[in-house]
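The listed protein sequences derive, respectively, from chains A and B.
If you read the first sequence in my numbering, its first letter stands for residue 97, the second for the next number, and so on.
If you read the second sequence in my numbering, its first letter stands for residue 823, the second for the next number, and so on.
Treat the hints as calculated values from the structure; they're not laboratory data.
For each residue, glycine too, the CB sits at the ideal point set by N, CA and C.
Quick look at which bits of chain B chain A covers, simulated, 3 or more residues with Cβ under 8 angstroms: (1) 992 to 998; (2) 1193 to 1205.
Distance windows between CB atoms, simulated: (3) Gly111/A / Glu868/B: 25 to 31 angstroms; (4) Glu166/A / Ser866/B: 37 to 43 angstroms; (5) Ala131/A / Val1034/B: 54 to 60 angstroms; (6) Asp1001/B / Thr157/A: 22 to 28 angstroms; (7) Asp1001/B / Thr167/A: 36 to 42 angstroms; (8) Thr167/A / Leu1180/B: 31 to 37 angstroms.
Once the Cα atoms are required to be at most 30 angstroms apart in a straight line, the calculated DSBU-like pairs of lysine-lysine come out as: (9) Lys253/A / Lys99/A; (10) Lys99/A / Lys1114/B; (11) Lys189/A / Lys1114/B.
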Amino acid sequence: MNKEFIEIRWHGRGGQGAITAAKIVAGAAFAEGYAGVVMAPTFGTERRGAPVMTSLKISRTKIYDLSPIETPDIVVVLDHLLLKEADVTHGLKPGGIIVLNTPMAFESYHFKNFKLATADITAISVEAGLPHGMVNTGIIGSLEKATKLLGIDILIKGIEEEFRTRKPEKNSLAAKIAYERTVAGG
Amino acid sequence: MHIIEDGNAAAALGVKLCRANVIAAYPITPQTPLTEKLSEYVESGEMKAEYIPVESEHSAMAVCIAASSAGARAFTATSANGLLYMHEQVQWAAGARLPIVMCVVNRAVGAPWNVWNDQQDSISQRDTGWIQMYCADHQQIIDSVIKAFWLAEKVSIPIMVCYDGFLLSHTFMPFDLPDQEKVDAFLPPFRPAYALNPDEPASLNTVTLPDVRIDVHGELAHGYMEIRYLLQEELRASLAVAAEADKRFTEIFGRGGDPYIEPYRCDDADHIAVGLGSLTYQLRVSVDALRKEGIKVGVMGIRFYRPFPDEAIANALKGKKGVIVFEKALSYGYEGALASDLKSALYEHLAGTGRLPLVQNFIAGIGGREIRTDDLTQTLRAATQSRIAKEPTWIGLKL
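Excised from the complex, chain B in its bound form:
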């Protein structure tokens, strides 16, 4: 059944369909309507879950860590400075291998204070050991939340489902609301291999020594380094599990495709624009306009940012003349994080083949600065014609 709602409602409905057991959240614009909706579902009895209002984002994640450790399906959501305040617990959740799902409703970080959209908040959490998915419309938001719980619980790694604040969170558009029966068929109840139990008290993730040791059962226990190595290995292996999630989802719901990337008019393109989130759909309009002028250009949205699907991306970009990266965030002091990641993937897979494309980097929409489609089209046209002078180049700057 199709409904017309905003992006926050799409996320909340997804969490409800997934029968999350515990929700702990602290309100922050533009995430607030999402957690308000969930609290209403719990209050009205539509959703049988524990809603725990906390005094901060740090506590929200702490509650999710405790709930997930006890075997509950846990959810939270935040934005911007809320996510930054949560950062210590974000790292902890990944190290503890807890399958928490969190929506990050992308917003600029302070200072100066700003409530509008860019993606600096979630990009700054790139290296925390979480899986990161990015959404371009409401269908992707609700579907990603459902896939995220399945995948997180399969690989015991937490997942951020990221979507653009206001542009998606507060904008209304139609999307298909999946049937509860189908979601239940896709997502079985959470049954962790180990869960805290009052009958058998235990301490989790206490001081773990630099070296391995014999534990109380007389078995060789991992040291810190082994535990962290396994997080990396299993994050990399989760790429294949994500493909399995997408296949299962497609079988049940009849929609899906490539879980990592979303190419548009890329097959015969000489130049490909790359980005994350709703900007990649706006770029489709620019691509269509430039195709009418005879410029062979396409756009590729990256749906899965961590673990980075480097091989799939390099395969899609090999032999192209140019890759034009548009980002709403940057690694201050260098360039956009995605641009660096792309160059690394291209070098790794294509160096020496003579098929390495030129990579150019543009920064746009910082702090909610309006991104005009005509400006995107002009930038894209210029980037296909000659190399930009200074990288990264900021679009729409008024200096």
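Just chain A, with the same shape it has in the complex:
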């Protein structure tokens, strides 16, 4: 993966917090020296439970192009059931990475030409003390394990800052456990 310019597309459901997760990664990337970070939700018709997308572009230099991502390096999927509702690998670069929250075994998926990373973030988050269904911090641990993008420490710091008034330790613990347990293919 070219680490000068990285495009990450997030697939979640309205209310799942994909935007907050992408914002935490954006903040960590900026703190790590990426001068250009642009995070753009898809606009207009969001509602709770419906499939939503968010684009995150990370670049060493300022980003002038705000148009949506067409060929992501990474896709993050917060709910495995979205695989049946949305074409999450659309445009994904050959060799691109899929980070998937799923209760199913890693071996049960077969993506040609892409690298898969899975973890049961829903269960991990409950284990970390979060309410059922809060998966947007845990998934950041899986993303880091699968991509080695920014280092887990700066992401943990970003999570605790974002959630400083809302269970910061439990949220960062979810990311730490997810980082340990994520199964990533070569």
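Got chain A; can you put chain B on it based on the hints?
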């Protein structure tokens, strides 16, 4: 200090730093998060201001007119049909010479109903006597809001700070949050020459006759025509004051530059793309791609649209082979308003010199239609090679 926030937050933070006294607004997508933020600042006490929730945009501007007449620093924001509903009061604010600042979060106008971005809303207010500034990123949004209050109060003319709905309003990117002390140094408290006062009741802007007259003090008072002439003259003169604002801002904050235009790779270019707002930054990517092919092209963003900086623009474009105007709005029945304005400026300053460029006009992104960078690059490449057949040409049309 750099923070990562969306464009509406950048605008709200700018208004807070400017210590606006009165905010009156009615929510409309995509402006809503901006006014929500301001109401939160007021509610929490972070901002000492009167937040007046009103029942319509027309009333929002009416409240701002009253507040500004009483000497308060007033702010509002709107989009699309909200701005159109406000239109009568928008004209009034300019005629009354009140330094109100308003963010217009650009959105397509109905019908048919559409919440997404284009610039038909603010372009349709071009001739109201307001100053109009356009922003290409979040730094420009927050900096423009701060400059706008200073400039508006200096020239007694209201200002629209326009930025693209969703593309900027809902997109997160890093920007520098100016220090409060520096903003206070840049922007002194609002001290109008005249303010309404309960101790001395007065009627403002009542029926003003076609001709001049002797007023109650025995002095010759302006007629309607003189008052409107002065609005035009002082709008034109505000171009120089805008340059002064930019100079002061640069001294205090260490960033600034040309207040009117933002050229990119234009110096040795044969062809120059021109536009307003975030599209001009996207065009930089196309310019870079075409430069690699050896095509000498640049892009110029217009930051100040009214008063129109015709001389600065004509100087930047003289001797170029082509000017390629991209617009997210048009004067229905003719062409893009910016294209007409550019042709007028070029004719005024360059006719007979043999240095008049060819002007071509493209319409893009109407009602939020996605503008693909590859499509922009192709259009720009083609426009540098030969004249387009039909003007204006719509990009991305699926007919």
